[in-house]
Amino acid sequence: MLIRIGKVTTAQSAGVGWATVTTVWGGGSRSSFTAYVGLDSHPVVLQDVDCGQ
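Start counting the sequence shown at 1; every next residue gets the next number (UniProt numbering).
Careful: at least some of the hints might be erroneous.
Heads up, simulated SDA-like pairs for lysine to any residue below, C-alpha to C-alpha not over 25 Å straight-line [to be verified]: (1) Lys7 <-> Val24; (2) Lys7 <-> Ala35; (3) Lys7 <-> Phe33; (4) Lys7 <-> Arg30; (5) Lys7 <-> Asp40; (6) Lys7 <-> Ser41; (7) Lys7 <-> Leu46; (8) Lys7 <-> Val37; (9) Lys7 <-> Val21; (10) Lys7 <-> Thr34; (11) Lys7 <-> Asp48; (12) Lys7 <-> Val49; (13) Lys7 <-> Ser32; (14) Lys7 <-> His42; (15) Lys7 <-> Trp25; (16) Lys7 <-> Ser29.
Per label pair, the in silico range of CB-to-CB distance [unchecked claim]: (17) Asp48 <-> Gly27: 16 to 22 Å; (18) Asp48 <-> Gly28: 27 to 33 Å; (19) Gln47 <-> Gly27: 18 to 24 Å; (20) Leu2 <-> Asp40: 27 to 33 Å; (21) Leu2 <-> Ser41: 25 to 31 Å; (22) Ile3 <-> Pro43: 16 to 22 Å.
Simulated from the structure, these hints should not be mistaken for lab results. If you're wondering where the values come from, they're calculated on a predicted model, not measured in any experiment. All residues carry an ideal CB built from backbone N, CA and C; glycine is no exception.
Please put together the full structure from these sequences, using the hints given.
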């Protein structure tokens, strides 16, 4: 399995950042989702995932 993280975008005023995450499986199957993280936590904490279904 391969995991790719796309360009990261941040909204400092909202304290959130997000990026598209793409997984590629052994047979070539791909899946993408958007991961949202809180910028004010240390370490950074995953807050939400949008699978776009």
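Against the 25 Å threshold, does the CA-CA distance of Lys7 and Asp40 hold or violate the hint?
20 Å, holds
The hint says 18 to 24 Å between Gln47 and Gly27; measuring C-beta to C-beta, is that right?
Hint violated: Cβ distance 31 Å, outside 18 to 24 Å.
For Lys7 and Leu46, compute the direct alpha-carbon distance and say whether it is at most 25 Å.
16 Å, holds
Hinted pair, alpha-carbon criterion (25 Å max): Lys7, Trp25. Please report holds or violated.
21 Å, holds
Check the hint pairing Lys7 with His42 against an upper bound of 25 Å on the C-alpha distance.
It holds: about 21 Å lies between the C-alpha atoms, which stays within 25 Å.
25 Å Cα cutoff - pair Lys7, Phe33:
13 Å, holds
CB-CB spacing for Gly28 and Asp48 relative to the 27 to 33 Å hint
28 Å, holds
Is the hinted pair Lys7 and Thr34 satisfied, with a Cα-Cα distance of at most 25 Å?
Judged against 25 Å, a Cα distance of about 11 Å means the pair holds.
If you check the beta carbons of Ile3 and Pro43, does the distance land in 16 to 22 Å?
Between Ile3 and Pro43, where Cβ atoms are some 18 Å apart, the hint holds.
Holds or violated: the 16 to 22 Å window for the beta-carbon distance between Asp48 and Gly27?
At roughly 29 Å between Cβ atoms, Gly27 and Asp48 fall outside 16 to 22 Å, so the hint is violated.
Tell me if the straight-line CA distance from Lys7 to Ser32 falls inside 25 Å.
Holds: Lys7 and Ser32 sit about 13 Å apart, inside 25 Å.
Could you grab the alpha-carbon distance between Lys7 and Val37 and see if it respects the 25 Å cut-off?
With Cα atoms ~14 Å apart, Lys7 and Val37 stay inside 25 Å; holds.
Hint check: violations occur at hints 17, 19; the rest are consistent with the structure.
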